[in-house]
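Chain residues, written in single-letter form:
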Amino acid sequence: MSYSGLSLLSNALTGNTRWPSIIDVSDLQKSYDIVIIGGGGHGLATAYYLAQNHGIKNIAVIESGWIGGGNTARNTTIVRSDYLLNSSFALKNFALGLWDQLSQDLNFNLMYEPRGYVDLAHSDGELEHFTLRANAMRLGGADAQILTGDALQARVPELDLSGAQRFPIAGALVQEAGGVVRHDAVAWGFARAASKAGIHIFQNCPATGIIIQNGKLEAIDTPQGRIRCGQALLSVAGASCEVAGLAGLDLPLNSINVQAFVTEPVKPALDAVVNYNAGLSYISQTDKGEFVLGGATDGYSSFARRGSFERIEDVLARAAQMFPFLPRLRLMRHWSGTADITMDGNAIMGPTPINGLMINGGWGYAGFKATPAVGHQMADLLATGQVPDLMCPFSYDRFEIGTEQDDGGIGPYPWLH
Amino acid sequence: MLLIPCPHCGPRDEGEFTYGGPKSRLPALDLTADTQDWHRALHVGRNARGPLTEIWYHSSGCETWIEVTRDTATHQILNKAKGGST
Amino acid sequence: MSRLSDGGMIDRETTLNFTFDGQPMVGHPGDTIASALLANGQHLVARSIKYHRPRGIMSAGLEEPSALVTVKDETGSTPNLKVTEVSLRDGLEVSSQNNWPSLTHDRGATLALGGKSLSSGFYYKTFKWPRKAWQTTYAPIIRKAAGHGEVDATPDTALYDKRRKACDVLVIGSGATGLSAAITAAQSGATTIVLEQDSILGGTLLSSDATIAEQTATHWAEDAADALVSLSNVTVMTSTLAFGQYDHGLVQAVEQQTAGSAARSILWKIRAQKIILAAGAIERPIVFPGNDRPGIMLAGALQTYVRRFAVVPGKRAVVAVAEPNARADTIRALEHAGVEIAACLNAGDQILSTQGRLRVSGLTWRNTQGHRQKVTCDLVAMSAGWMPTAHLFAQMGQPLEFDAYTQSLLPPQTDGPLRPVGGARGVLNLRDCIADGKIAAHQVLAELQMHKHLSLTPPASTARPPQGFGSGKGKAFVDFQNDVTRDDIALAQREGYTDIELTKRYTTLGMGTDQGKTSWTNGILEIAALTGEDPAKIGHTTYRPAYSPVSLGTLIGTEVGEQMLPTRRTPFHGGFEKLGCVYQTSGDWLYSRYFPKAGETMEQAITRECHAVRRGLGCVDMSTLGKIDVKGPDALEFLSRLYCNNFAKIKVGRLRYALMLREDGYVFDDGTIARLSDTHFMVTATTANAGSVWRHMRKSAQLDWPELDVVLTSVSDHWASLAIAGPHARNLLTALNPDFDVSRPGFPFASVRAGHLGGLPVRVFSVSFSGELSYEINVPAGFADTLLSRVIAGGEQWDITPYGLETLDVLRIEKGHLSIGTEVDGRRTPADLGLGGMVSHTKDFVGRALLQRKALQKDNRAQLVGLESKDGATPIPIAAHLSTTPLGNGGPMQTCGYLTAAIHSPTLDHPIALAFLEDGQNRTGEVLWAHSPIAGKSVQVRVTAPCAYDPKGERLNA
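So the sequence lines, in the order shown, correspond to chains A, B and C. Quick note: the first sequence uses our numbering, first residue 1, plus one each step. Quick note: the second sequence uses our numbering, first residue 1, plus one each step. Quick note: the third sequence uses our numbering, first residue 1, plus one each step.
Looking at chain A on its own, in the form it has when it is part of the complex (with noise of 0.2 Å):
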């Protein structure tokens, strides 16, 4: 059934008994062309566009909680693509593109919404090498601006440009496009439309085993039976080490959590997505009402999806620097999710040294916003088995090679990215 305001008004009428499910269920096959390890919007999304872009559909998604439960579920729904580096920005703002009509092409309102990103900086130096990504942006094809006093103020009525803060705030790079997209509808977008083409998603299925012969993928082993493939995609985020680890990769990275928060929902009070850089913390209002905010990683190993409370002082005491009023509203709920960090911050997708087992991990606190490229991208290295080029960058074997994609220039410190 399409979703329409007619649909909705039609439905009413008969007591919204009729909707469908968004997933059909079905039963398990002994056999599949592809298996998705990991039903999140990477997983969900590279189904979606498989059968989409490619007609392939003999596809199964396995998925060991609910989907979209992993890290789609807790990030801060901030998509952008304010890079420096040609590969990461190439990637996510080829997302972007994408997450502007996404809600049309999988008849989902995903609700993304273009409030404009502010990256703040905090002295003239540092404006200056915002200025050095912002020309990069639009020489490659983006929107980017760099915005300074009355300007800024402009765009951000309620950004505190006083100065009497401990880092002011010397300018902004804005990218309009960027912006915010209701995460859980991601997972569930695709999630219908992979299912309506024929795609079987299995929810509290995990992988349990991976079983290779020669050097080539066989089967994936999960609870309910084993499932031969000619190949499968393991994109489970949080869980990459663990499961990389049923096929016997060791992969580079370090699992750290992250932590995000919200406020009490109250009246919009801020509309554009804002990142604070002397220490990272970055806010926008949901549409619910509530404040979203997030910072950097707790920077220690950890899959207990808990973290340090201190991570959370330090975001607000940060978010009041821009916004004075902040502490007038209350904490109602923070959480934490498990970020896989490579050795340079960035991804790791492509094929691994097992034939017919392609990875796609290693997103760190940043995948949410390069959902659509992924399985974009994803869907057409399935379907031809040639890297394409917005891939190439983020081969599995680079860190041995060192074509490193290290935006932070941080290095081989995943607790420091």
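Don't read these hints as lab results, they were simulated from the structure. Since the model is a prediction, treat every value here as computed from it, not as a measurement. Among these hints, one or two may not hold up.
Restraint-style ranges between C-beta atoms, simulated for each label pair [what the hints assert, rightly or not]: (1) G163/A <-> R107/C: 39 to 45 Å; (2) R107/C <-> A12/A: 20 to 26 Å; (3) G163/A <-> T884/C: 40 to 46 Å.
Backbone N, C-alpha and C fix where the C-beta goes; we use that ideal spot for every residue, glycine too.
Following the hints, put chains B and C in place on chain A, whose structure we already have.
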């Protein structure tokens, strides 16, 4: 906030420490180690879910590096930490 | 007034005035806003978020889902406060939220007519057409309709604080269980802290008419509280909400301070060996059509309002309480308040509907014989049972287990530091609670070896009511705050959002500011009833702190404004300030930026300062550099492993520029290594990396190479460092009266001397960042002022000019010297930076192996080059990108590098720049485009060597 047992100062809040990552054994600096040796020492095999030995620097304390074995799934600290010399 | 003439815990002698939606009302000390509103006969206090249905006060505690208000006091207004959580103060202005034009006539209520098309998740299904309409039209409307109150947009100027405590036993909650546990713990000598969210100790004892040991419950609580307070090992904290449990026995709590205190509230971080969670239980509403009207309240809350606050809550009540003892208790309380019992429903009765517009006026039900019955009433007391307040337990990740016996989620046995007791683990009977608290305390004391082990059997959790009530069809609310009905939950199941987490996210069940305290168990039971699934298999969503919302101001504490982080100032700060320095924040530091003379712009000042250094004499503060003393027989070997260049033959009294790589072969930091004696070196690190280089060295010495005999001392703060630079630098050094030879042959470039300048103990380094003859004079920090004033006085004859960060940067750009964070950006090899020749091929060092990786040795990598504008005059825009082609029409274009710095060189009087350019070292002379779309400029530039001024370095030896 973790409570980290410093062998010199006693149990202290995590905020007093700087994280140094999982403990790794670096190859000897005698011109024998190759790229692969360092790749293995630096990049992989450092992400255990479960007990993991890591190093923390007690920056707001005794200014020494200490070893802590911690379960990364539960945050339970498993050792009475021992510090290095110097 | 709807207040009993006596009884209750309010101070009738004192009257507090407040307003609700502008209407004057009165209350007394001891009241909450909720009890005061009810005492003024005000049941209608809010409109619901989605359907704008009239809502009243349902509970008497933090679980309140509906009655949210904005409260204004002398410090400004705070939205979304639950009327049940705020103690009444004189002068409060209380306002309802989310209605227009008024609470009684709310136009938003017409939305309720569209009810069924506003079912769960309706916004995912529509608003997609036309394509941009969501962002431009619909989202703004939805956003305005959402949210509860409005935030006061003025800065919050209140003060907050953070403090720490530690104890053996922390008891959370001070009802019968908590008091009993605390007394037991305290009497054995354990340091004990009791946290109570309410303003007084006692919990539900304060609204009970039971007797304990021949005392009223209230008196028993008072006596127990007195006993606790008198013990020196006990700290009792009221108005203190424990909102979260964290790792290793940490509980965080917020203490509300009384009005007029210096701080509005305090964040407490309490480390406890053992935590006894005696937070009680929350009453469960009944799900039936129209269960949300004002006047429909939880039965326990009604007892509280009558007994503790002496409120007469209505005239005619229907009692729908499942558990027989609780039913009798409720009826006693209502009769005490003179409320007529219109009807008392029996278990198994099916509630069909309620009537009333702004307050409940009647209730219709079908009894077990199948007869439809209806009564008029203005009050309904409802209770489906009790749910343990085990949130702080579950926050640590261990799931609660649905218990069929009690029909609630109970905490399982655990060996963690926190023990749920009493109501928090399903024990409801008063005497059982007292026993449970005592037994739990004994247990943790035994574990702490503070008491011998006693074999005591804890009481069993209390049975559920024999049977609940049925419900008719209609709008039956499960989550009152988010307007989630039984039908919404059914829709989520139908549409495949079956996992409890998906149901939550799709319907927003339990996602409100009440965190689903009253709705979660009902939600699970509703799903079970709909699907026939065992509630135990449904599980629950993750419990997240905060248990109840806490103010962000409290979490920020004193780290506001310029005090957010400490600011570091160098020892020369005061002295330079007198010289007219303009400072700039740079990381931890306040750094001298430039020294304008009257009427000068920054650019003019920089040009003047540059000329002074190039032509005469300048001085600059270099104190922020990291300085590390390295001593010991193996000091040279130690440094040789850390830095990539070879300096094995460095002589005492000489120094070398040195490059440190990361383990992965990229350049990390640069600095100088000065040899003070055979076994004593002083090493500098850049300001940005001072801390990390120090930690890295400590790690290397302590963990990686413990066999090396070396001692490290950070002396960054010990030495103040002032550089004098310019052609007259040696003249000034001589004038400062050194007790060592400072002649050109006696003190050549790249040397260090320890001695005295006019009696001041110094180390002087002949190094140069500016490219001019230069000496870095280090003095013990306490002598900074003396040194600076002598330098300024002594340099007067050469017109000594203090300069700052800006001029330092211009001078180094002219010289093509590297800046950390700019050229050294963590992605460069020594060869990229033109320093490939420094890398030793004869020794091993950190970074050697991985520097050999294929891609790092590629010869067409981006390399550092200089640029000048092609015509020698057109300014080169900062932050431009390089291309072989002119700017296209806005589409993506190919670039081959970018600028790291661009200036108009004051010395050369023409524009120059530094850039990274692919294969740049082989492209000298090539003309490229420098594009800056941000500046709207594209300029042709010619590739040069990075060093634009004095490439042979002759001036260093002037």
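Now the hints, each set against the structure:
no.	hint	result
1	G163/A <-> R107/C: 39 to 45 Å	holds, 43 Å
2	R107/C <-> A12/A: 20 to 26 Å	holds, 21 Å
3	G163/A <-> T884/C: 40 to 46 Å	holds, 42 Å
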